[in-house]
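Can you make the complete structure from the sequences, with help from the hints?
Sequences listed follow chains A and B, in order.
Just so you know, we're using the numbering used here here: the first sequence kicks off at 200 and counts up by one.
Just so you know, we're using the numbering used here here: the second sequence kicks off at 200 and counts up by one.
Simulated from the structure, these hints should not be mistaken for lab results.
A portion of the hints provided could be inaccurate.
Copies of the same chain are indistinguishable here, so a pair counts whether it falls within one copy or spans any two.
[What the hints assert, rightly or not] Listed next, the in silico DMTMM-like pairs over lysine to aspartate or glutamate satisfying Cα-Cα at most 20 Å (straight line): (1) 358 to 452; (2) 379 to 342; (3) 354 to 450; (4) 358 to 203; (5) 358 to 449; (6) 439 to 422; (7) 258 to 405; (8) 290 to 394; (9) 354 to 452.
There are 2 protein chains.
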Amino acid sequence: MNRERLIFLTNDDSYRSKGFEAAIEVARHFGRVIAIAPEAPQSGMSQAITIYNPLRLRKVRDEEGVTVYALNGTPVDCVKMAFDYLLTNEKVDLAISGINHGSNAAINVLYSGTMGAAIEASFYNIPSIGLSLTDHDPDADFEGAVKYGVEIVGKVLEKGVSLPCCLNVNVPNIPLAEIKGVRISRQTRGFWREEFFLRTDPHGREYFWLTGGFQNAEPAAEESDEWALANGYVAVVPIKVDMTEYRQLEELELLL
Amino acid sequence: MNRERLIFLTNDDSYRSKGFEAAIEVARHFGRVIAIAPEAPQSGMSQAITIYNPLRLRKVRDEEGVTVYALNGTPVDCVKMAFDYLLTNEKVDLAISGINHGSNAAINVLYSGTMGAAIEASFYNIPSIGLSLTDHDPDADFEGAVKYGVEIVGKVLEKGVSLPCCLNVNVPNIPLAEIKGVRISRQTRGFWREEFFLRTDPHGREYFWLTGGFQNAEPAAEESDEWALANGYVAVVPIKVDMTEYRQLEELELLL
Numbered sequence: 200m201n202r203e204r205l206i207f208l209t210n211d212d213s214y215r216s217k218g219f220e221a222a223i224e225v226a227r228h229f230g231r232v233i234a235i236a237p238e239a240p241q242s243g244m245s246q247a248i249t250i251y252n253p254l255r256l257r258k259v260r261d262e263e264g265v266t267v268y269a270l271n272g273t274p275v276d277c278v279k280m281a282f283d284y285l286l287t288n289e290k291v292d293l294a295i296s297g298i299n300h301g302s303n304a305a306i307n308v309l310y311s312g313t314m315g316a317a318i319e320a321s322f323y324n325i326p327s328i329g330l331s332l333t334d335h336d337p338d339a340d341f342e343g344a345v346k347y348g349v350e351i352v353g354k355v356l357e358k359g360v361s362l363p364c365c366l367n368v369n370v371p372n373i374p375l376a377e378i379k380g381v382r383i384s385r386q387t388r389g390f391w392r393e394e395f396f397l398r399t400d401p402h403g404r405e406y407f408w409l410t411g412g413f414q415n416a417e418p419a420a421e422e423s424d425e426w427a428l429a430n431g432y433v434a435v436v437p438i439k440v441d442m443t444e445y446r447q448l449e450e451l452e453l454l455l
Numbered sequence: 200m201n202r203e204r205l206i207f208l209t210n211d212d213s214y215r216s217k218g219f220e221a222a223i224e225v226a227r228h229f230g231r232v233i234a235i236a237p238e239a240p241q242s243g244m245s246q247a248i249t250i251y252n253p254l255r256l257r258k259v260r261d262e263e264g265v266t267v268y269a270l271n272g273t274p275v276d277c278v279k280m281a282f283d284y285l286l287t288n289e290k291v292d293l294a295i296s297g298i299n300h301g302s303n304a305a306i307n308v309l310y311s312g313t314m315g316a317a318i319e320a321s322f323y324n325i326p327s328i329g330l331s332l333t334d335h336d337p338d339a340d341f342e343g344a345v346k347y348g349v350e351i352v353g354k355v356l357e358k359g360v361s362l363p364c365c366l367n368v369n370v371p372n373i374p375l376a377e378i379k380g381v382r383i384s385r386q387t388r389g390f391w392r393e394e395f396f397l398r399t400d401p402h403g404r405e406y407f408w409l410t411g412g413f414q415n416a417e418p419a420a421e422e423s424d425e426w427a428l429a430n431g432y433v434a435v436v437p438i439k440v441d442m443t444e445y446r447q448l449e450e451l452e453l454l455l
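The following block contains the structure:
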């Protein structure tokens, strides 16, 4: 028999979230699990790293095949701590980030702590998969996300994939029986537009809450991840980290 | 005479940094300046947004042509607060983020709060320019960065550029007279590898400091931004926000 596989796990909702347990369930299908997850929720933390504060790591769970550490940092800190410190003597087969409570489709990939961690893990020469469910409820139903998570991770591990590989997997919040399957997609164009709720605290000082909504610039684009989700598919977008806009190089050569 | 131009300004080193004053100097060449900058340093904050905490905005400076607000949030929060709240009745001509103390070339674009803000500002249908100097010193010499900042912003404003436009401009830390000019570049391939410094606090508890170095995967690539900087050029990389790895779509269609 082959050596048991090792799956690294992290997320952005903290090690105490229901989605994190769902990710453990996915990963346990394939081998041993070592996780470093944030102590506190880190939604919207993007690819942020901790520069000004010390990091503290503590083991919060150690049972047959599942070891979980909590770190008082960002999702990307968790990944760096794993691959440049804790697991330098281990061979990790794959990284999973999630399962996120809430969609990371479209431009959300840029703000998402879940995807920040998934992107970071792909820098360490392993396939990396960010899993998200389009439901922010802390008690969301992860049945469909677990089922498709297992299917996608299984195919990546068993058939192999060319590296670097980082997948942004979003699962629609509908009953498992209604999910139509996996749809390879591209990032939807569109941006968030925010509303700031102005309130006054008991000391008479004003403050704001940031909130807003995603404005889909191409709701009819069948190749986009938002379309896939809206039409009952699991959307899978391969992510790259070269942000150069090659099409603009020539214009800039003339301009500057 | 035309209406006076309006430049929006932000950064990630806070409104009290020397580089922020240098950015005001750049912007003042072109018109009125309204800035929202972080209260506290936000280096490494990437595209992070503040979800769990209220935001407080206060005016910290108001003089002829220059108004500065401080916000207790991330660089991206500052941009959203500007374009979705404070400046919704103004026509902004261009956004500048910086001038950052430290390089944002190569993969740093993903971690950078400066570039997070520059990217965010480009979502509001204006040209957006992130300016960085490859020197972390709080008292760094911004002469070259100001000179080239003025040159680049001037050309973008006067000749125009196709939108969306987000430029990642990095200036080498050498005397102005030795800078060879502007070089349009692409993002250098390579990743950070971290070292975690383990220490023990006076209470006997261990903690880590995150630190590390960038590993350039292609130091000889003359089209890369790191090469440009190492060879005395100002590196300009146009940034896009569609992170889809199109070349991998077909492989995934077969795999999943």
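Problem set entry | Same-copy or cross-copy closeness of residue 290 to residue 394 [CA-CA at most 20 Å] | Classified as between; 19 Å across copies, 46 Å inside a copy.
Exercise. Using 20 Å as the alpha-carbon threshold, which applies to residue 358 and residue 203: within, between, both, or neither?
Worked result: within (17 Å within a copy, 60 Å between copies)
For this session: Have a look at residue 354 and residue 450 and pick one of within, between, both or neither, based on CA distance no larger than 20 Å.
Result: between (42 Å within a copy, 12 Å between copies)
Exercise. Given a CA cutoff of 20 Å, do residue 354 and residue 452 count as a within-copy pair, a between-copy pair, both, or neither?
Worked result: Intra 44 Å, inter 12 Å, cutoff 20 Å: inter-copy only.
Problem set entry | Alpha-carbon proximity between residue 439 and residue 422, which holds within one copy, between copies, both or neither at 20 Å | both (17 Å within a copy, 19 Å between copies)
Exercise. Under a CA distance limit of 20 Å, which applies to residue 379 and residue 342: within one copy, between copies, both, or neither?
Worked result: Classified as within: same-chain Cα gap 14 Å, cross-chain 59 Å, threshold 20 Å.
For this session: Can you give me the call for residue 258 and residue 405, within, between, both or neither, at a CA distance of at most 20 Å?
Result: Classified as between; 13 Å across copies, 40 Å inside a copy.
Problem set entry | Homomeric proximity label, residue 358 with residue 452: Cα distance no greater than 20 Å | between (43 Å within a copy, 13 Å between copies)
For this session: Check residue 358 against residue 449 for me: Cα-Cα at most 20 Å, and say if that holds within a copy, between copies, both or neither.
Result: For residue 358 and residue 449, the Cα distance is within 20 Å only across copies (15 Å; inside one copy 40 Å).
Comparing the model with each numbered hint stated earlier shows that all of them hold.
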